[in-house]
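Visitor: Sequence:
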Amino acid sequence: MRQADRTAKSVKLYAWIPPGLSSAQFSLSPANSKTRESCAQCPGGAYPSDALSAGGALQQKRRDATSDSVTGSALPGRSHRSLLRKMAAPVLETCHVFCSANRARGAVRWGPGPGGLLAFGSCRSVVLYEPQKGVVISTLNGHIGRVNCIQWITKKDNSPATELISGGSDNQLILWEIQKNQLIKITHFKGHEGAICAISAIYQKNASGIELNPLVVSAASDSTVRVWSKEGSEAKCLQTLQFGSGFILDVCLSFLPYSTVPVLACGGDDCKIHLYVQQNDQFHKMLLLSGHEDWIRGVEWAAFGKDLFLASCSQDCLIRVWKLYVKSTSLEIQDDDGDIKLKENTFTLKNENAEAAYAVTLETVLAGHENWVNAVHWQPSFCTDGVIQQPMRLLSASMDKTMILWAPDEESGVWLEQVRVGEVGGNTLGFYDCQFSPDGSMILAHAFHGALHLWKQYAVESKEWTPGVVISGHFNSVQDLRWDPEGEFIMTVSADQTTRLFAPWRKKDDSQITWHEIARPQIHGFDMKCLAMIGRFQFVSGADEKVLRVFSAPKNFVENFCNITGNTVKKLPSSHDSDLPEGATVPALGLSNKAVFQGDITSQSADEEERFVGVGRQYQDICFQPFKLIEPPTEDHLLQNTLWPEVQKLYGHGYEIFCVACNNSNTVIASACKATKKEHAAIILWSTTSWKQLQSLLFHNLTVTQMAFSPDDKFLLAVSRDRNWSLWKRQEENSQQPEPAFSLCAFTDKNTAVHSRIIWSCDWSPDSRYFFTGSRDKKVVVWGECDSASATEESRICEISPCSSVLDVGDAVTAISVSSVLTLARRYILALGLECGKICLYTWEKSYQKPASSDWSKCIETNHSQCHTLTVKKLCWRNSPGRAGHDDDPDSSEWLQLASCGEDNCVKIFNVNRCIL
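In our numbering, the protein residues as written are 1 to 917.
Restricting the straight-line Cα-Cα distance to at most 25 Å, the calculated cross-link-like pairs of lysine to aspartate or glutamate (DMTMM-like) are:
hint : residue 1 : residue 2
1    : Lys750    : Glu679
2    : Lys185    : Glu231
3    : Lys343    : Asp270
4    : Lys674    : Glu903
5    : Lys230    : Glu177
6    : Lys674    : Asp749
7    : Lys456    : Glu410
8    : Lys846    : Glu785
9    : Lys628    : Glu559
10   : Lys750    : Asp777
11   : Lys779    : Asp767
12   : Lys180    : Glu231
13   : Lys555    : Glu582
14   : Lys838    : Glu93
15   : Lys750    : Asp811
16   : Lys692    : Glu732
17   : Lys778    : Glu845
18   : Lys323    : Asp269
19   : Lys714    : Glu845
20   : Lys649    : Glu582
No wet-lab data here; the hints were simulated from the structure. Please read these numbers as outputs of a predicted model, since none were measured by experiment.
Work the whole structure out from these sequences, hints included.
Guide: Right, here's the structure in full:
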């Protein structure tokens, strides 16, 4: 074993040298490495995690919970170039991000040009998503409040946009400059005194007439509309339009026909559209367009030939299309007696050289929605053979859960409804917004609860649209998450009252693996708080109620899970397939998922099953129908057909459930609730076979914040708001006491405590020798050794003390997770989640020096784009090496995967390069 020391990055490199190959032939880099003696932990120069047989061959891969978990994933048989390639890979990379759009109109925008990115606001971040690949390209963090609106700045040649502007509840706008999907520069626009609710931007030539600079207009809750310009890196407010006590809900910029004069449309709560035209760098009001009878929710311009069209939508359920044209060049309407004429709204622009008259008339009124129309958008222009074309198609989204595509009839010119798509069933409240893809072949709806719905056109000129796969995620704080025991999927719970399951999907015609939500096992009536896996296809969850609920996977989910992920089920939840229910449904006014068996399902014809792929199909009375899926389900299907039946309720706590844990043999569940008194802070143990209470563990005075069973199931660790931890040891089972029982074996009190604030999180080392605690006091402490601690016969209390130096990470520690896999240098790998949203990776090994100052080693922390924007709530390592879904990848075992969730509504999966950790 040769070890290269790269002090600049504090990374230890190891290389396996095949027999017969000299160190001179296998040189990593003469400039950055120096030869050392063989590692003492690797007899004979072997790779640290491998055992070599007498013939020098690697022994068969084997799992070892106390060591490496992949002993045999070493380098013989591969060239040293492979090792160098792994060393050059990033230490930490984002594998996937699950999130949803904010509950605000204008928070979703599809970028122009071929391969345009979908940008949407998710909590305080702007997420850039590539719909064609189904992956999040980047996360732009900079706002300190919710992102309410987003706008790409479109170029005249219709090429992909490179500038994106966003407005948030932090009263500021941010202009993001992006090149090749990488953030280059940001510019802040500050001046509003209220949350920004609408923005619009166009490129305008500067005073020299050479460069194009963004002209930005923003509307905010301070009853103002501000006009901004940006030159270089400076943002300047050109003008402020006051609207008294009224509010402007949407704005849109364009240019008057045959000119470079900007025209601004503002729709507000006075039911009128305010038209402004810019002269001498100042906008002047020209017209008020009346007609709507309720608040105007959206306005948008589009140029068609010589004329400019404005579409507006309102809470009066109607859409109005207005036509703006140059009056002198339009055909004059003859004043024949008896003819019906449209009312013209006219205005005149004067400058030094000429005078131009413009007129605005009402083109049409579209009535088809049955509730508020929240958004209306024209199909984007596209370039064909160098000529920019603007299709006359309009898309509208409404709170009636439908989205309508409108277009004028080719013969009569009458506007007609071409396509209607939407949601069916569920607990949703309609659509906030809608978007066209750049080429018009896909349409997207933004639902009230943040979900995105995608439909694809079956063929050109076809009126058949089919649902497509799109990103999904929670729309409120994500409280807890867990990997399944096999490491093939993760489950999360959130304050949005849902439990969701995410898994990797590999398309049959594509080697790329993307993650998607494939089930929503629980849709509840209370905010979810915690969960624990009980084996592979069973879990227990706790919410803001006094009851724990246990769920098991139905047969239809297991089959679809195998179809989507390509895995084979090694162990079904039940010994007999016939015992499994097909699915589950929630009765009217109920909270419990009721199992649906084969006999409860009404039979369907083949035609009815085929119609499932279309939109608008009504579910049967039973609400659940089994369908065979070969790709991730759509939002409609997730809402109706992926529930898991509830198999048990556990009663015993007096207040809302706060945390839950299950031991590794899946025989005991531990739960705790919110508490302000000692009697309410008891930990209750439950049997997973009889579902009865086994024991009540009383020690803490305030809420127990987290619990963790040791990997060998001998200990139960609990940490609390009272700043102390307690350790409970499992007693030997005998004939008189066949059920497991725990007794207090160690604890801290006000005299022995190290932490001075709430202890939020804890976890065990994979060998059960040490446990880690993290607190609001910014400290992380390692305690042990638990396996060698002895108790006196009188007290039965062990003396367990800190065995590490106190690690101060600079911010409150809210989540801790220890990997079951060690580094190549045999150090424990620790992930820490902080209150500021950062995730830090450390390694630790026990130091026998006093003081133990060199036991901690910081490896890396998430960069600004990878961070959560709010508190990290939970971290969880995949319990085996490798990347989920990459079983056939020979290099997969060199990676570890870490899942995180936070109060910013996001769930993230990171790949960690173990070779250079």
